[in-house]
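Q: Could you put together the complete structure from these sequences and hints?
Number of protein chains: 4
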Amino acid sequence: MVGYAFMGAAHSQGWRTAGRVFDLPLTPRLAAVCGRDGSAVRAAADRLGWAAAETDWRALIERDDVDLVDICTPGDSHAEIAVAALEAGKHVLCEKPLANSVEEAEAMTEVAQLAAARGQVAMTGFNYRRVPAMALARRMIAEGRVGTLRHVRVSYLQDWLVDPSFPLTWRLQKPYAGSGALGDLGAHAVDLAQYLAGEPVAGVSALMETFVRERPIPAGASAGLSGTGGGGVGQVTVDDAALFTGRFASGALASFEATRFATGRKNALKVELNGERGSLAFDLERLNELYFHDQTEPGVSAGFRRILVTEPEHPYLEAWWPPGHGLGYEHTFVHQARDLVHAIAEGTVPAPSFADGLQVQRVLAAVEESAAKNSVYTPVQA
Amino acid sequence: MVGYAFMGAAHSQGWRTAGRVFDLPLTPRLAAVCGRDGSAVRAAADRLGWAAAETDWRALIERDDVDLVDICTPGDSHAEIAVAALEAGKHVLCEKPLANSVEEAEAMTEVAQLAAARGQVAMTGFNYRRVPAMALARRMIAEGRVGTLRHVRVSYLQDWLVDPSFPLTWRLQKPYAGSGALGDLGAHAVDLAQYLAGEPVAGVSALMETFVRERPIPAGASAGLSGTGGGGVGQVTVDDAALFTGRFASGALASFEATRFATGRKNALKVELNGERGSLAFDLERLNELYFHDQTEPGVSAGFRRILVTEPEHPYLEAWWPPGHGLGYEHTFVHQARDLVHAIAEGTVPAPSFADGLQVQRVLAAVEESAAKNSVYTPVQA
Amino acid sequence: MVGYAFMGAAHSQGWRTAGRVFDLPLTPRLAAVCGRDGSAVRAAADRLGWAAAETDWRALIERDDVDLVDICTPGDSHAEIAVAALEAGKHVLCEKPLANSVEEAEAMTEVAQLAAARGQVAMTGFNYRRVPAMALARRMIAEGRVGTLRHVRVSYLQDWLVDPSFPLTWRLQKPYAGSGALGDLGAHAVDLAQYLAGEPVAGVSALMETFVRERPIPAGASAGLSGTGGGGVGQVTVDDAALFTGRFASGALASFEATRFATGRKNALKVELNGERGSLAFDLERLNELYFHDQTEPGVSAGFRRILVTEPEHPYLEAWWPPGHGLGYEHTFVHQARDLVHAIAEGTVPAPSFADGLQVQRVLAAVEESAAKNSVYTPVQA
Amino acid sequence: MVGYAFMGAAHSQGWRTAGRVFDLPLTPRLAAVCGRDGSAVRAAADRLGWAAAETDWRALIERDDVDLVDICTPGDSHAEIAVAALEAGKHVLCEKPLANSVEEAEAMTEVAQLAAARGQVAMTGFNYRRVPAMALARRMIAEGRVGTLRHVRVSYLQDWLVDPSFPLTWRLQKPYAGSGALGDLGAHAVDLAQYLAGEPVAGVSALMETFVRERPIPAGASAGLSGTGGGGVGQVTVDDAALFTGRFASGALASFEATRFATGRKNALKVELNGERGSLAFDLERLNELYFHDQTEPGVSAGFRRILVTEPEHPYLEAWWPPGHGLGYEHTFVHQARDLVHAIAEGTVPAPSFADGLQVQRVLAAVEESAAKNSVYTPVQA
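From first to last, the protein sequence lines are chains A, B, C and D. According to the numbering used here, the first sequence is numbered sequentially starting from 1. According to the numbering used here, the second sequence is numbered sequentially starting from 1. According to the numbering used here, the third sequence is numbered sequentially starting from 1. According to the numbering used here, the fourth sequence is numbered sequentially starting from 1.
The set of hints was computed from the structure by calculation and includes no laboratory data. Check the hints yourself; a few may be wrong.
To be verified - Calculated from the model, a selection of chain D residues having no Cβ within reach of chain C, i.e. all distances over 10 angstroms: (1) Gly49; (2) Ala107; (3) Asp159; (4) Glu199; (5) Ala241; (6) Gly251; (7) Glu257; (8) Glu272; (9) Pro312; (10) Ala319; (11) Gly347.
To be verified - Heads up, simulated DSSO-like pairs for lysine-lysine below, C-alpha to C-alpha not over 27 angstroms straight-line: (12) Lys373/C <-> Lys174/C; (13) Lys373/D <-> Lys373/C; (14) Lys174/B <-> Lys373/B; (15) Lys270/D <-> Lys270/C; (16) Lys270/B <-> Lys270/C.
As the structure is a computational prediction, the values presented were derived from the model and not from experiment. Virtual Cβ for every residue (Gly too), placed ideally from N, Cα, C.
A: See the structure below:
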């Protein structure tokens, strides 16, 4: 695993736990974790349960005891590491967004396809597909319980930038993060929308905004940050919020919002789909619940029902606790690990693949292009 | 009152009740109701409590015992009736949307301004401003409890067109209704957004869609409906859904949605505002509740609180029932009647005025223009 | 109508509105209202729409233009007025609780049964049966959608006595109110439970408590209040809260709570019924919603659904507004007036009858007896 | 660890994870797991991550590499194992309920107190105290934000016995389980109530019921089950539901319900406390949320607020994910492991101690006594 911050800790919990809960065809072994700061990475290895620590990702990739490279770094290094790992014959799990540009994502996808021919798998880490409620929603849509889609609404609301004194971290710098709310939150929104709808977004019209354009540079920030370096203020070079509407190929309308300025909303990834036969609704802040309205029922007793997604018949749930005993955020990484191990063992293409990650990237690029061109409707590159 | 269908019944309940609940400076008298079908309008007069019935709105306007003309007809007749009534020296309450075009709304506003100089009042019937929770929200925003606005989200979701066999009524015909979800639902959304934000929408980018383009013509439909007249199918000439994003002058972002295809959503006018100091959220399906997040509180015990808007300190509530004894939809018309009577007695300009109605119309026109021009960002005419 | 305070205003709204909304076989006429203070009752008559005012209820009863006497006074006068009105040949609507004692209620019921033989109707004003969601719940239970009942839970939570400086009003004095939370709130809870379950409570075990035993006597309080009369403090002689469990004849268990000390709960009458085939849940603070869990559905997509009780197929709703346009508290009185007018016109026994009110009184008496006897299980008098 | 079924799996997840997330003064090592079936326990050891497997709990206790014995067996074996483990010098964690009788619990507590003098700790596994929302609630109550308590309401609703064909497992047999819903669910309810209130329940009045008195004996059931042994039906000898009211020493009233027949409620442990200064509410089905009403706020903007208990300032949360990224059921076991390790390292008495578990047992015994004596109010043994 490369990177051991928030995402690395979550992935580690996934790798440690998957085999303790699910029957896996292969047993994950936490071989080595990699980071630039030697003592910090060794501490992380101990804490998170990795057998070894490396300070150079190239060394990690060369290790014989590493079969799979899990990339949890900022987006600017994804392409280089992923390509190298695939070329070294490793399987790869790469955090989202797949890359900071369409070009990088295309290159990665090309390499992944060559690697697939050699039996390697490459997965993009859109973990929210593995919230049981979202997997159930996908299943219900595939079964026709929503019918012809009319509306897909996905908003991902957070609020950690509301305070103008929040510092200028790497996530607010375009060279590292690629984009702001768009790539961080909007990428999840777009992937979920396409996953659930079962079809790609065809075009978008977008508004993007940076509400707070200068922020204090954190003490000890590397010179790489634009600005005066350590003290003073620097430019925020990514978006604080992105709003976009769109059309699916089928004609369904989509509405997206990604923001870090929705005061009081902590991690509110809200999804709603309306179809001719029914509707589904979800809020990540209540991740064990899926709401379903069945339009085929008599109106006198119809209504949105709260499905508590904790029954053994629900995706992933048979392995967990009795009904009503909910799961949390990190379980998505356990499920991701489980599914990836199955893909490796069975030689199947994992979902979301790098190609799926590339498709999301193309939607994000269309969003940025539309926002730059006065919101004009912009088709997504096919 | 001109018109006595759904809206007319709701207005009648407002007029009958206002003086029974509030201390009014003038006593409303239900003088006469007008409709084209003589026996139907007489039955409506008896049922709804109007002293007389007329079949020609010009006759109604000329009655000496009529001081105020309340217009509850489809949008295509608003301008003609309102202008005539104002010129005849009557006060006017006109249902929303104010008109079917900006030009009509401009003419009406001009006449209303001349009439105002003669002491007449002219009000647009955006009744949702008079939901106590919305009036409270406006008060809290004016007091600074939300602070610098970042996001305004308003969606108005209904589902009564989901079934493709729903007939082609006047509401689906552009000549009568002007537009579809946009003018019916979007007008409310825009008025509320501007009322709450305390500033106008400056520009918009829009997508509009008609999902079901042909519908059965209802038996007995007048020849005026396009199509084969009575039986057969006809063209739907208005939008089923309109999605638009926008900017306020202050830089806050807005997201709007109006649709009649949100399966399972019956009357879900949902509002959320996020500001630097707090957030407010509302859903018309739970109209006695306002949700407030106070960002100035310590994070450890902060959260969206449900204010049950039934306390005597809340707008309009002192006159009603004890705490927790909720109001319903029609109370907005009682409050509208109350406020209009006060404006007449006190010679003040009512809110929303015709000018406010015109401003909404200009936003709707910009939405239609943007949708026709590939969603390009379109400034609202100042 | 006798009494014109909060309840009188609500009843007046019911009488004024019923014929404007529903097709009634008889037209209610608001003949006269009665109260002890002449100028106050004349003002109330004007405000509420009553044609005449009386200061002696005996005079009201003797009026030829009065066919129905609606009793909205405190419980200590119910028996005397109702009996006199029935003996004078009038129909009677009596607010709940029917009386302050079982003996009074028995006498009233006996007189009502004699009067019924003469074609008079006598109804107890348990208005919450006429919340559309509660009428729908009853219908669904009668249709078997809940199945064999296991649990009935009703709590009625208010908080207006939390502040110890709240004054000693008549509602806190046993001679006037009979009891406290028990008769005021518990009576509603018991009536609803029995109505929904379709069977009587067979026995109870109870705890009652008066948390704040002395309160300030309001300025100008009549000498009738125990204590020092105007200023000073007086004894609270009723219960602040009553908790009781019970059994229905069928073996279903019941849990009841009535309190005026549930801080933050304003009018939270919460009901839940669990049966072998399904469950229903309701909260009066969201009175347009009924929650239903259908146990006969596959578990994978089962869950409590929110039925928005605003569809034309729902009880009372055809006469009101389109779906999603909710009703409020006072509509229960409109529905009560409608149903009572039908009972009078059709010569049927209204529900709840005086006998139903007596049955509730017997449950309340068993609660008081159990509480006085160390909570021992106490059968309800048959 | 003794036992490796549902509870054992949950405890294992706690032990494996605590040191990966929290900074612990000691490092837990999963030495050995014990069960009667040799091959099954070896498979469980592999699956759950235990180094060794034992088939005799006495052998487990004698192992030198075992410092702490974690007891996850049915209640009938708790006393014997816990006493032996403590006498062997081990620390003990014992699942709730502490024992199947007060006598056993008293003996265990006595032994634990002797062991404490030798530096051993003994904890009862009431894991729900370690839901962050519950720990936060306790902190807020201790800080005075609820004030003088008036009401404590705890209900624990499940529905897995609604179907009469559900088999007669050990949980439905008094010799193994001690009691039914009372000991399984009611024990949690009572512990939480006492923990949150900060004082013991003083007395109770109770109703208990077994709705379905015979159930099919599961194929292969051991002869120990009453009935015909494998096939046929057997007697249910425990309660399906227990309802009880009570008083705290301070005079606050309590209402409890434990049932396995609340159709549609899967794991609904609902808690509400009302005090003079505020109220708190919680539902385990939404375990990341705590609702708080602050009565000291102006009524105009007061209301129950939803605290999303995922902030770093919240109990246990600093070690986990960013705000809004919720935890699940099993995290309570991670927190339990963390706190127990701290107690061992620091030589403090863990909470809940065996004495706390005994106090709960005494409340349950009073419940059973009251239910057997016609619900008469029964003081809890001091």
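Q: Look at each hint and say if it fits the structure.
A: Here is how each hint holds up against the structure:
Distance check for Gly49/D against chain C: the nearest CB is about 31 angstroms away, which clears 10 angstroms, and the non-interface claim stands. The claim that Ala107/D is not at the interface with chain C holds, since no C-beta of that chain comes within 10 angstroms of its own (minimum 31 angstroms). Look at Asp159/D: its CB is around 8 angstroms from the nearest CB on chain C, not clear of 10 angstroms, so calling it non-interface is violated. Every C-beta of chain C lies more than 10 angstroms from that of Glu199/D, the closest at about 16 angstroms, which supports listing it as non-interface.
A beta-carbon of chain C is positioned within 10 angstroms of the beta-carbon of Ala241/D; the least distance is around 6 angstroms. With a least beta-carbon separation of about 7 angstroms from chain C, Gly251/D fails to lie farther than 10 angstroms from that chain, contradicting its non-interface assignment. The non-interface label for Glu257/D is inconsistent with chain C: the shortest C-beta to C-beta separation is roughly 6 angstroms, within 10 angstroms. At roughly 8 angstroms from the closest C-beta of chain C, the C-beta of Glu272/D falls inside 10 angstroms, breaking its exclusion from the interface.
For Pro312/D, the condition that its CB be more than 10 angstroms from all CB atoms of chain C holds, with the nearest at approximately 27 angstroms. For Ala319/D, the non-interface assignment is confirmed: its Cβ lies about 32 angstroms from the closest Cβ of chain C, beyond the 10 angstroms cut-off. Residue-level check passed: Gly347/D sits 40 angstroms from the nearest beta carbon of chain C, beyond 10 angstroms. Of the pairs offered as hints, the one joining Lys373/C and Lys174/C holds, with about 19 angstroms between alpha carbons and a cut-off of 27 angstroms not exceeded.
At most 27 angstroms may separate the alpha-carbon atoms for a hinted pair to count; Lys373/D and Lys373/C meet this at roughly 13 angstroms. Among the hinted pairs, Lys174/B with Lys373/B is consistent with the structure: their alpha-carbon atoms are about 19 angstroms apart, no more than 27 angstroms. For a cut-off of 27 angstroms, the pair hint linking Lys270/D to Lys270/C stands: about 14 angstroms separates their Cα positions. Restraint check for Lys270/B and Lys270/C: the C-alpha separation of about 25 angstroms stays at or below 27 angstroms, so the hint holds.
Hints 3, 5, 6, 7 and 8, counting from the list given before, are not met by this structure.
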